[in-house]
Amino acid sequence: MSRIGVFVCYCGENIGRTVNCSEVTQRAAKLRDVVYSVDYKYMCSDPGQQIIKDAIKKYNLNGIVVASCSPLMHEKTFRHAVVEAGLNPFLCELANIREHCSWVHDDKRNATDKALDLIRMMVEKVKKNLPLDTIKIPVTRRALVIGGGVAGIQAALDIADGGKEVVMVEKSPSIGGHMAQLSETFPTLDCSQCILTPKMVDVNSHKNIKLYTYSEIENVKGYIGNFEITIRKKTRYVDDSICNGCGICIEKCPQKKINSEFNTNLGTRKAIYVPFPQAVPNIPVIDKENCTYFKNGKCKVCEKFCDRNAIKFEQTDEFIKENVGAIVVATGFDLYSIEKERSDNYQGYGEYGYGKDPDIINSLQFERLLSASGPTLGEVTRPSDGKIPETVVFIQCVGSRDKSKGIEFCSKICCMYTAKHTMLYKHKVHNGKAFVFYMDIRAAGKNYDEFVRRAIEEDEAIYLRGRVSRIYREKDKLIVKGADTLIGKQVEIAADLVVLATAMLPQKDTVPFAQKLGIGYDKYHFLSEAHPKLKPIETNTAGIFLAGACQAPKDIPEAVAQASAAASKVLGLCSNDQLEREPYVAYVNESSCIGCEFCLQSCTYSAIENKSIVNSKGELVKKVAYVNKGVCQGCGTCVSICRSKSIDLAGYTDEQIYSEINSMFV
Amino acid sequence: MKRKLETQITLNTLIDSFSNEIKTLSKVNAYECYQCGKCTAGCSVGDFLEETPNQMMRLIQLNLRDEALNSKTPFLCATCNTCTARCPMDIDIAKVMETIRILSEKEKKKNVKEVSKFSKIFLDSIKNHGRLFELGLTARFNIENKTPFKDSELAPSLIFKGKLSLLPQKIKNRKRIKKIFDNSINEKKGVE
Amino acid sequence: MNYGYFPGCSLHSTAREFNISTKAVCSSLKINFTEVEDWICCGATPAHTTNHDLGLALPYSNLQLAAQQGFDTLVAPCAACYNRLKVSDFEIRKSDEKKNRIHEITEDKTEADISILHLIEFFKNDFGIEEIKSAVKNPLVGLRVASYYGCLLVRPNEIVNFDDEENPTSMDEIVSAIGADALDWSHKTECCGAAHAIPKTEIVLQLCKKLLQAAENSSADCIAVACPLCHANLDMRQNQINKTFGTKFNTPILYITQLMGLALGYGANDLSLQSHFVDPIKLLTRKNLIPQLEKMNREN
Amino acid sequence: MEEKILTSQFEPKIASFVCTWCTYTGADLAGTSRLKYEPNVRIIRLPCTGRIDYNLIIKAFENGADGILVSGCHPNDCHYSSGNFYARRRFIVFRELLQFIGIDVRRVQFAWVSAAEGAKWAKLVNKFTSEIKDLGQFTNYQKIKRDIFLEEAVI
Ligand SMILES: Cc1cc2nc3c(=O)[nH]c(=O)nc-3n(C[C@H](O)[C@H](O)[C@H](O)COP(=O)(O)OP(=O)(O)OC[C@H]3O[C@@H](n4cnc5c(N)ncnc54)[C@H](O)[C@@H]3O)c2cc1C
Ligand SMILES: Cc1cc2nc3c(=O)[nH]c(=O)nc-3n(C[C@H](O)[C@H](O)[C@H](O)COP(=O)(O)OP(=O)(O)OC[C@H]3O[C@@H](n4cnc5c(N)ncnc54)[C@H](O)[C@@H]3O)c2cc1C
Ligand code: SF4
Ligand code: SF4
Ligand code: SF4
Ligand code: SF4
Ligand code: SF4
Ligand code: SF4
Ligand code: SF4
Ligand code: SF4
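Residue numbers (my numbering), protein chains in the order written: chain A, 787 to 1452; chain B, 3 to 194; chain C, 3 to 302; chain D, 17 to 171.
Hints are not guaranteed to be accurate.
[Claimed, not checked] Restricting the straight-line Cα-Cα distance to at most 27 Å, the calculated cross-link-like pairs of lysine-lysine (BS3-like) are:
id: 1; chain 1: C; residue 1: 212; chain 2: B; residue 2: 74
id: 2; chain 1: B; residue 1: 115; chain 2: C; residue 2: 100
id: 3; chain 1: C; residue 1: 100; chain 2: B; residue 2: 108
id: 4; chain 1: B; residue 1: 152; chain 2: C; residue 2: 211
id: 5; chain 1: C; residue 1: 250; chain 2: B; residue 2: 174
id: 6; chain 1: D; residue 1: 149; chain 2: A; residue 2: 894
id: 7; chain 1: C; residue 1: 111; chain 2: B; residue 2: 172
id: 8; chain 1: A; residue 1: 1275; chain 2: C; residue 2: 212
id: 9; chain 1: A; residue 1: 894; chain 2: D; residue 2: 159
id: 10; chain 1: C; residue 1: 211; chain 2: B; residue 2: 119
id: 11; chain 1: B; residue 1: 112; chain 2: B; residue 2: 122
id: 12; chain 1: D; residue 1: 136; chain 2: A; residue 2: 894
id: 13; chain 1: B; residue 1: 115; chain 2: C; residue 2: 245
id: 14; chain 1: B; residue 1: 172; chain 2: C; residue 2: 212
id: 15; chain 1: B; residue 1: 148; chain 2: C; residue 2: 111
id: 16; chain 1: C; residue 1: 202; chain 2: B; residue 2: 119
id: 17; chain 1: D; residue 1: 52; chain 2: A; residue 2: 894
id: 18; chain 1: C; residue 1: 211; chain 2: B; residue 2: 25
id: 19; chain 1: A; residue 1: 1261; chain 2: C; residue 2: 245
id: 20; chain 1: C; residue 1: 100; chain 2: B; residue 2: 25
id: 21; chain 1: C; residue 1: 202; chain 2: B; residue 2: 115
id: 22; chain 1: B; residue 1: 163; chain 2: C; residue 2: 96
id: 23; chain 1: B; residue 1: 163; chain 2: C; residue 2: 25
id: 24; chain 1: C; residue 1: 111; chain 2: B; residue 2: 129
id: 25; chain 1: B; residue 1: 152; chain 2: C; residue 2: 202
id: 26; chain 1: D; residue 1: 136; chain 2: A; residue 2: 1319
id: 27; chain 1: B; residue 1: 108; chain 2: C; residue 2: 202
[To be verified] A partial selection of chain C residues facing chain A, derived with a Cβ cut-off under 7 Å:
id: 28; residue: 168
id: 29; residue: 188
id: 30; residue: 219
id: 31; residue: 221
Hints are computed from structural coordinates only; laboratory data are not their basis. The beta carbon of each residue, even a glycine, is placed where N, CA and C say it ideally should be.
Using the sequences and the hints given, assemble the complete structure.
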């Protein structure tokens, strides 16, 4: 039996001026099941709220309609008042007779009639309201950080410093990411390794951080506050609990002509190796593909020399489970490669020789040539013959902003690092000349444009506005055929070295990875934020956050800023034992659900799963949909999809809405 | 730059008529061009141009129809398709050149008269014989172009080598070629 | 498959040797091509730059002829004809409106569903490089050949796409198959100036100079071509180039079929090697690559 | 005299389904900005247009609505990231169904009104109200209902 109370607010003159509130109050009293109806000048004031509380008790009300301002304004206020009177907050609804009525209409008659209609709709709705409880989700107060680039490192350190445990998973043998490969960094030109290495060491030694390198995410289960992660620890063939990083194995390994990934194939490494001297952890790994023992059963030189017996040829992949409440994804980027045969859908650059000429290199390779710890110890020389290049042509937007190659976005950082490259080159090769082909210069950060100006004004880089159509070799030189659209002429430069500012792409395996986590990605496979402006850190899956270049091209300052933001989100989440959520979530009527799974597919948040119903003998009776309350965001899309009307949304049930519709017009 | 620099143009009638015209005729939306200059960079005849290919695209963007139709560029274009092949925006620039050239020809704008004349004589030749009569073509071109001795050193050995026949090869069904010419060129719609 | 042969105007005049050598190669390899009867000129550059429809109708009319004569595949040795045939076929397949219009123009409703192959494409995809290799009797060992594709064989890639548009290799594969050295050089697909030869000779001279220079830089003995226009520009005008720029090029330009013919055992006369402006015979003799016996083993 | 004619004119009944994040808030803004619009609309607030199941619309017609206005966030602005796309897609199918059963599709309008577009909301209501006025009262729903067994008209 419904006992509804209606409380009509004048809002001073705001409502009262157009809506005849006392008439409305009287007419509302006559509505079916309304047992009490009253008006007051300011309902939200303390005395106003008191009227509601008193009435609930006095008239034993079980449904409240406040006819006042927008629910977005005072719904919380009145629901709070209702709770104080001992009623479930979700039995209170607001009829918006101010923003949607008195303020937008002049005609008193019309406004008054409409106000009554709005009240009637809410009275009918509230009768169907059910008491709901806010949802409480327990929180595992630790976090997982995937990816150990500068973004992942920053996020992990911030969370760990905030007192929460962090599990970090990095797929390569060392953390550091791309930043570890850089020479000096814009806009200040400080040495990349000098600022990164201490942070890497901190990660390894922090008491709150558990580091898994050479490891990947095998599986993710659960939802916000309660994720269960399976980590695959790939076989290193070196026992990291025994190895002390002495390096004797590396020194003695006879297999030494293997291209070094860290040095972008400009240098070599051994079959047992650490990617670079400052690697964290400083524990070698055996490259099975190239190890003589694995190839033909003989060698084991490393094992012989390791006096701690850390080499373990019989090692296999290990699987480890970790429970966390939140996840930060910081898997970074890949560089576009101009090769002809590409693993993705993008086309390579035939006009630039498909990467065949050793003196046409990409930007990361140039970073390695500039780096004091690089394959040339910081001397800029040509890969083909070791000569010091006197003319270097830099080409921007290679792959980026290029519809014909399938990549329409701007990679954002290449304008800046190209300017940096011209400066560093000039600092090393004083008589050298740098030419840059560009379309636009995008240097919109703090001190960025000044930086580019310096490259032009002080380090005398010649900037040519235009793209390059072709590069070909003519004897000792690379002929670069470009244009300067500012003078409207073709430009031909005979270069010793050509550096391509190739596009920043997402990690190659992003799609299966994102699917594993249940997070979205865009058409280029960058991971998607929940809202481009207001939720740039969140993903659509609650509890999973993004940091760094996995979301979009970013430079270090931005990657670090986003990482700290993600850390603060994680710390916010982990500062509670429990999460509270509004109870507007979908639920399934298991008896009528036919298990068609349409709702599963419609849910953007992957909140719906399959559930097997078994009888007492443990036999499968049927499969039905099951909504994970922790994940459901309450959009209701599934409700309108379900053909058997078996799924409904608490707070916005079919019954409630039909009641509104039925009472809408008299 | 050989050309007299006109430092000012007046864009008072920025209606999209020309860019729309090009769009209908060549299916190219000129506004997709972001003026990167890659077409210019690779243009085979770049050394000989006044307006570069990207500037031709710009003229369309600004709806400067007269300037475009009076440009020599479309006539000097060797239709090599390099620009089209490499344009990062997938714009068929060669097709645009061809379209402008046809418009210019139709409206008797300023153009490169040798090229224009050559085309006419070439087409006349095949219209008459069904196949190209190279000796006749060269001779007539040189006469009309007032360069009677151009390439004359080549002719004797060509004839000697049996490469240049003195009489045209004719096809049997000459009506067929005539129909094709009449039906496509005399059609009122013109270009398309 | 029933192959129609479309020689095009040049192969009956300035490029006679292309025709002769193609026929020689075909007969040696037992390839059966039948010339389309009463074909007309494809219109080359002047047609499509004068009138879009004319540029489509002339080649299409030839496709209709071929269809009427019962061919399902048309092989064109001339890159220009090939390109025009392909473009016309492409545009007309793309739009029914266009097709109706062209049918109106040719006053012929024949549906020309014909595949069009360039001779090189035919050798590579239909005949087979290995087959060529096994037929070689006189491998051209030590001959350094720069294969020149030019524009029309590789662009636009959307329409003519039997090879890579920036780094084509099919001709090189043939060159290797016949025992010569295929050079990876820089100007495989640069433009020679094409139809500008007569009206704008200065353009052609300059572009060809660059081409010859690039070939020389790669220390090529000769350049292989598959287009009469490219041939004429590079061979016939080499002397003019030398005069104009003070260069000393003496690079024989050979049709790929002439090189194949040599490898298959034909002699200089069979392949009309003497009809070039830049004499290839001296080079070939010096390298000892002309089969001693004229018409040696020709019939096998 | 004139006045009288105006007031006795047909006043359409319009039901509106809007999402809470964009259009409801936009309609609030129209109020806070004191924009004036026709009083014929009754709003039902939903979390997202993705929640709109088209039985709701049929139901509104059945209850006497002359026109129905559905509005949510702009594409890509959906609070739930893609609910409005679902709604949009379903709406396209739904239009066909409406046509099939003989309801003038102009009686159902789909719009995008963001939280900042109070003025757009006011304009939309006015425009739609006047359009429905022109279309006149929706009287043949009962007839249609008789003609076609609608209970199963599920999309
Ligand atoms: C040539 C060049 C020069 C640059 N110069 C500068 C500069 O001067 N100044 C500047 O500010 N920025 C510069 N940048 C940009 C800078 O490199 C990036 O902003 C920064 O590296 C982004 O860091 P990140 O952590 O997001 O990504 P990354 O550095 O790419 O790190 C991602 C990490 O995640 C790991 N990973 C990836 N996938 C997985 C997985 N599935 N599981 C586990 N681990 C995974 C990777 O192994 C890697 O360690 C430059 C970039 C380039 C290409
Ligand atoms: C014309 C224009 C268009 C734009 N368009 C876009 C767009 O389309 N998309 C986009 O993403 N961004 C846009 N922006 C940028 C966007 O406005 C800013 O990024 C954003 O407003 C910055 O927010 P903020 O909080 O840092 O600073 P602000 O918005 O400036 O807020 C600072 C606040 O601090 C208060 N304040 C200042 N000093 C003190 C003090 N001493 N004590 C107390 N309070 C103080 C100020 O009163 C103010 O309320 C645009 C900017 C402009 C100028
Ligand atoms: S409850 Fe709302 S309408 Fe009433 S006085 Fe307060 S603000 Fe005004
Ligand atoms: S066993 Fe393999 S890793 Fe060890 S030393 Fe030999 S080659 Fe190197
Ligand atoms: S940042 Fe500069 S170089 Fe890089 S894609 Fe954007 S505009 Fe091009
Ligand atoms: S100052 Fe503003 S308008 Fe100018 S380049 Fe920078 S971002 Fe663009
Ligand atoms: S209400 Fe929305 S978020 Fe929740 S289960 Fe349904 S579709 Fe998913
Ligand atoms: S759509 Fe409905 S019936 Fe189908 S699985 Fe989901 S709840 Fe069950
Ligand atoms: S290459 Fe394409 S985009 Fe670039 S200027 Fe030329 S037409 Fe424009
Ligand atoms: S098609 Fe014409 S404009 Fe384009 S590159 Fe060739 S010559 Fe230049």
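Q) Given the hint that residue 1261 of chain A pairs with residue 245 of chain C, does the C-alpha gap stay at or below 27 Å? A) holds (25 Å)
Q: Take the C-alpha atoms of residue 111 of chain C and residue 129 of chain B, compute the straight-line distance between them, and say whether it is at most 27 Å.
A: This hinted pair holds, its Cα atoms lying about 21 Å apart.
(Q) Just to be careful: measuring from the Cβ of residue 219 of chain C to every Cβ in chain A, is the smallest value less than 7 Å? (A) Since the shortest Cβ distance to chain A is 6 Å, the answer is holds.
Q) Within 27 Å, alpha carbon to alpha carbon, are residue 211 of chain C and residue 119 of chain B? A) holds (26 Å)
Q: Would you check the hint for residue 52 of chain D and residue 894 of chain A, treating anything up to 27 Å between C-alpha atoms as holding?
A: holds (13 Å)
Q) Hey, residue 115 of chain B versus residue 245 of chain C, does the alpha-carbon distance stay inside 27 Å? A) holds (26 Å)
Q) Keeping to a limit of 27 Å between CA atoms, is the pair of residue 111 of chain C and residue 172 of chain B held or broken? A) holds (24 Å)
Q.
Check the hint pairing residue 211 of chain C with residue 25 of chain B against an upper bound of 27 Å on the C-alpha distance.
A. violated (37 Å)
Q: Would you check the hint for residue 163 of chain B and residue 96 of chain C, treating anything up to 27 Å between C-alpha atoms as holding?
A: violated (43 Å)
Q: Could you grab the alpha-carbon distance between residue 163 of chain B and residue 25 of chain C and see if it respects the 27 Å cut-off?
A: Distance ~19 Å between residue 163 of chain B and residue 25 of chain C Cα, so the pair holds.
Q: Given the hint that residue 115 of chain B pairs with residue 100 of chain C, test it: the Cα-Cα distance must not exceed 27 Å.
A: Violated, at roughly 31 Å.
Q) Keeping to a limit of 27 Å between CA atoms, is the pair of residue 250 of chain C and residue 174 of chain B held or broken? A) violated (46 Å)
Taken one by one, the earlier hints fail for this structure at numbers 2, 5, 9, 14, 15, 18, 22 and 31, listed in ascending order.
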